[in-house]
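S.K.: Mapping to numbering that gives the first Met the number 0: the sequence shown position 165 is 164, numbers consecutive.
Since the hints were made in silico from the structure, they are not lab data.
Quick caveat: nothing in here was measured; it's all calculated off a predicted structure.
Glycine residues also receive a C-beta, built at the ideal position from the N, C-alpha and C atoms.
Heads up, a few of these hints could be off.
To be verified - Label pairs and their calculated CB-CB ranges:
#1 Leu112 / Val136: 33 to 39 Å
#2 Gly135 / Ser52: 42 to 48 Å
#3 Leu130 / Ala30: 30 to 36 Å
#4 Leu58 / Trp20: 30 to 36 Å
#5 Thr41 / Ile84: 56 to 62 Å
#6 Ser22 / Met128: 25 to 31 Å
#7 Ser52 / Ala160: 47 to 53 Å
#8 Val136 / Ala97: 52 to 58 Å
#9 Leu130 / Ala97: 47 to 53 Å
#10 Thr48 / Ile139: 18 to 24 Å
#11 Thr41 / Ile93: 31 to 37 Å
#12 Thr48 / Phe100: 54 to 60 Å
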Amino acid sequence: MSVNAEAEINALEDPPPTGDWFSRILAGAAAFVTIAMMLHVTVNALSRTFRSSPVHGTLEYTQFWYLPIVAFVGIVTAQRNKEHIEARLLFDHIPARAQPFVQAGTDLLTLALAVALTYYTAEMALESMDLGRTAGVSGITIWPATFAAPVGFALFSVWLAVDLFRSVRAGLAKPSSSGTTAEES
0 MSVNAEAEIN ALEDPPPTGD WFSRILAGAA AFVTIAMMLH VTVNALSRTF RSSPVHGTLE
60 YTQFWYLPIV AFVGIVTAQR NKEHIEARLL FDHIPARAQP FVQAGTDLLT LALAVALTYY
120 TAEMALESMD LGRTAGVSGI TIWPATFAAP VGFALFSVWL AVDLFRSVRA GLAKPSSSGT
180 TAEES
């Protein structure tokens, strides 16, 4: 088992930090939006069943407002907490000394993509704002929700940059006599 895999297993056994205010704010925002979406959809279903009159724009609010916010908060939170799914079939067979540099390379590629997506989604959001974009014939304003993508990708980029810095620092750390880096001991 690689040194990184052992550290990840040990991290799972440790309790989460109690003072992580950023993660708490993100989790609270995601919980609030998810509960609002559930209530909206429930009221729509009840109204459609008992009054034969659905709530106007439920699909549009769910599709254009609730889901993008929940998705981008989830992406940022997963990166922040190191909870993205990894397929480490090849990575674990790389020498332990090279693993931080390989991780830094993948972080750098992902960071470049995230920065590009931040730029292009920001352009799209600004264009949507200029147009006053609405959800088709329903007339529901959706342009403010288009800013969830650039904000989400920007926060994702920040955490990728932090992870890149940590990977490079771990790779440059001098190994101790036991074969582990100074950070791992």
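S.K.: All hints are to be evaluated individually against the structure, with a verdict given for each.
M.R.: To see whether the hints hold, each was checked on the structure:
no.	hint	verdict
1	Leu112 / Val136: 33 to 39 Å	holds (35 Å)
2	Gly135 / Ser52: 42 to 48 Å	violated (20 Å)
3	Leu130 / Ala30: 30 to 36 Å	holds (32 Å)
4	Leu58 / Trp20: 30 to 36 Å	holds (35 Å)
5	Thr41 / Ile84: 56 to 62 Å	violated (31 Å)
6	Ser22 / Met128: 25 to 31 Å	holds (29 Å)
7	Ser52 / Ala160: 47 to 53 Å	holds (50 Å)
8	Val136 / Ala97: 52 to 58 Å	holds (57 Å)
9	Leu130 / Ala97: 47 to 53 Å	holds (49 Å)
10	Thr48 / Ile139: 18 to 24 Å	holds (23 Å)
11	Thr41 / Ile93: 31 to 37 Å	violated (49 Å)
12	Thr48 / Phe100: 54 to 60 Å	holds (59 Å)
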